[in-house]
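Student: Given these sequences and hints, build the entire structure.
Sequence order for the protein chains is A and B. Letter by letter, the first sequence follows residues 1 to 283 of full-length UniProt numbering. Letter by letter, the second sequence follows residues 1 to 283 of full-length UniProt numbering.
Treat the hints as calculated values from the structure; they're not laboratory data. All the given hints hold, so there is nothing to weed out.
The list treats identical chains as interchangeable, and a pair is accepted whether it falls inside one copy or across any two copies.
Subject to a maximum C-alpha distance of 30 Å in a straight line, what follows is the list of computed DSBU-like cross-link-like pairs (lysine-lysine):
(1) 60 with 218
(2) 57 with 218
(3) 201 with 60
(4) 218 with 201
(5) 201 with 57
2 protein chains.
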Amino acid sequence: MATGRPHRPTTRGRGIPEATVARLPLYLRALTALSERSVPTVSSEELATAAGVNSAKLRKDFSYLGSYGTRGVGYDVEYLVYQISRELGLTQDWPVVIVGIGNLGAALANYGGFASRGFRVAALIDADAAMAGRPVAGIAVQHIDELESIIADNGVSIGVIATPAGAAQQVCERLVAAGVTSILNFAPTVLSVPDGVDVRKVDLSIELQILAFHEQRKAGEAAAGPDITDMVTPVVPPVAATRRRADDVPARPAVDGAVPHGVGDAGSGPDGSDGGRSAAMPA
Amino acid sequence: MATGRPHRPTTRGRGIPEATVARLPLYLRALTALSERSVPTVSSEELATAAGVNSAKLRKDFSYLGSYGTRGVGYDVEYLVYQISRELGLTQDWPVVIVGIGNLGAALANYGGFASRGFRVAALIDADAAMAGRPVAGIAVQHIDELESIIADNGVSIGVIATPAGAAQQVCERLVAAGVTSILNFAPTVLSVPDGVDVRKVDLSIELQILAFHEQRKAGEAAAGPDITDMVTPVVPPVAATRRRADDVPARPAVDGAVPHGVGDAGSGPDGSDGGRSAAMPA
DNA sequence: GTATCTTTGTGCACGCGTTCACAAAGGCAT
DNA sequence: ATGCCTTTGTGAACGCGTGCACAAAGATAC
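Tutor: Encoded structure:
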C-alpha cells in the first residue's frame with residue numbers, strides 16, 4: 001500500500017529532516033573532493049558553493065548532526081567526511097542486487113559510484129536464461145530462480161529494479177518476500193510495497209517531461225512579450241525552428257446528452273503560453 | 001552561478017506549483033494506461049491510487065490546470081490526457097541530444113520512454129573518435145566537434161549529459177553556448193549554468209545513499225525495540241552478518257595548539273548510532 | 001420537477017523547509 | 001589579557017505543500 005516514505009512525521013529527537021538527508025550525499029561528495037586535494041578545513045561558504053547550495057542551509061543541515069565546526073575557522077574536512085559517512089550508514093558494507101540486466105542494468109553494474117561508497121554489487125539477476133553465466137562488469141549474471149537464495153546468503157537488504165515495467169511489481173514482491181527492505185526502482189511503474197519497505201524511484205522520462213514544461217514556459221513567455229507584469233529576463237527565443245504543434249484538440253467531453261459547456265477554452269491560441277489556467281466559463 | 005531552479009517564487013497568476021508539475025507525468029502515465037484499455041472516465045480516487053498519490057492532492061493538482069472534471073462522474077480520460085500533455089509541452093516535438101555514449105548513454109538511447117512522449121533523439125554525441133559512426137540504438141554516434149552544428153541545425157533546446165564527471169562542466173558550457181536551455185545531468189557533479197538555464201540532476205549514487213540511511217535507521221530501531229519514545233537509541237548492529245564496521249574514527253580535530261575540547265564525543269563507542277547529535281560540551 | 005447520491009473543487013489549518021539576521025564562540029594579533 | 005575579526009550555530013519569520021472536510025455541482029431516479 002504505502003508507496004511513499006512513511007517516516008515519522010515529527011522531526012522530534014534525533015530525527016534528521018528528509019530534505020537534509022537528501023543533501024548529505026552532496027556534501028559528502030564535495031568533501032571527498034577536498035579531501036583528495038588534501039584541503040584540511042573548509043568554511044560553510046566554500047563548501048556550500050562546491051555543493052551548489054546556500055550556506056545557511058548547509059550550516060543548518062550540519063547542525064542536525066551535531067556541532068562539528070569551529071567558529072572562526074570552519075569544518076575539518078576529514079572529520080566531517082567521517083561523520084556524514086557514519087550518519088548515512090556508509091561505514092557499513094551494503095550488498096546490493098541488481099535485477100534486470102538490460103542496457104540500464106549493465107550500466108548500473110558498471111557504474112563506479114557504487115563501490116566507492118560502501119555499496120557492493122552482490123549479484124546481477126535476470127529472467128532471461130540466455131543471460132545466465134554471461135559476465136557483466138566482471139560479475140556472472142544469475143538466473144532469477146536463485147533470487148531468494150542469493151538474498152538470503154548475502155544478507156542483501158537493498159535491491160535495484162531495472163526490469164521492464166511489466167515485470168517490476170512481481171520482482172518487487174519477490175525481493176520483499178526474500179527480505180529486501182529498500183528498493184531503488186528504475187522501472188516506470190508505481191510499486192506497491194508493505195509498510196516498512198522504502199522505495200525510491202528514478203524515472204528518466206519524468207525528468208525530461210519536467211524539463212519540457214519549463215522549456216515551454218520559457219519559450220511561451222518570450223513569445224508572449226517581454227513583460228508579464230513584473231517580468232524577469234526577456235529570454236530571447238531559442239534558435240529552434242523545427243517545432244511541430246498538434247492541432248488535433250479533443251473536444252471537451254459531454255456527459256451523455258448534456259450540453260458541452262465552455263468548449264472555447266481548449267483553443268487558447270498558437271502560443272502555448274496561456275490558455276489552460278482560466279476556467280472554462282467566464283462566470 | 002545559479003544551479004537550482006530560479007523560477008519565480010510566487011505561485012501567483014498562471015504559475016503551477018513545482019510539486020504539481022513533478023506529478024503531472026505520473027498522472028499522465030496512469031491515464032495513458034487507462035486510455036489504452038479504453039476506459040472512458042475515471043474518478044479522482046481511482047486515478048490517485050493508480051498514480052500512487054492521495055486523491056485530495058490529485059484534485060488540487062488538477063485544479064491548477066482548470067476545471068476539467070465532472071462532478072458526480074469523474075474525469076474524461078482522453079480529454080485529461082490531452083490537457084496534461086499540452087500543459088507539459090508534450091504536444092510539441094522536442095529534439096534531444098545525448099552527450100556521452102558510454103554504458104549509460106547507450107541505455108538512454110535505447111530507452112523507449114523517450115519517443116513515446118514527444119521526445120526525439122536528434123543525435124548521440126561522444127568525445128571518443130573511435131565511437132564516431134558506430135550505430136547505437138539505430139543512430140550513428142557523432143563526434144563532439146559537431147556538437148554546435150547539430151544543435152543549431154536541429155533546433156535542440158534540451159541536452160542530456162551522460163559523460164564522466166570530469167567532462168560534464170565543459171560539455172555543459174558548450175551546450176549552453178550553442179543554445180541549449182534545459183539540461184538533464186547524469187554526471188555526479190554540480191553544474192554551473194547561467195540564469196535562464198534549467199538543470200535537473202539524476203544521481204544513482206545519491207539515491208542509494210539515501211536508501212542506506214533509512215536502512216540503517218530501520219535496523220537501528222528494530223534492534224532497539226519498537227518504541228524509542230524520544231531516546232537516542234543504543235543501536236545494536238543490524239542483523240546482517242556480513243557488515244563491515246569501520247573502526248578508524250578520526251579524532252575531533254584540534255585547531256593548531258588549542259586544547260581539543262570535548263574529545264569524548266568523537267569516541268561515542270563503536271556503535272555508530274549516536275554520538276553525533278549531542279553537543280560536544282555539556283555547557 | 002424534486003430528491004438523492006456521487007464526486008469534484010477548494011477554503012483552511014498545519015507542518016516542513018528555507019532564509020535572514022545576529023549573538024555567541026573561538027582564533028589571532030598586539 | 002584585551003580587543004578585533006571571522007565563522008559558526010540557531011531563533012524566528014515566512015512561504016510552500018499537504019491533507020482534512022465540506023459546500024457546490026451535476027447526474028440519476030422517480
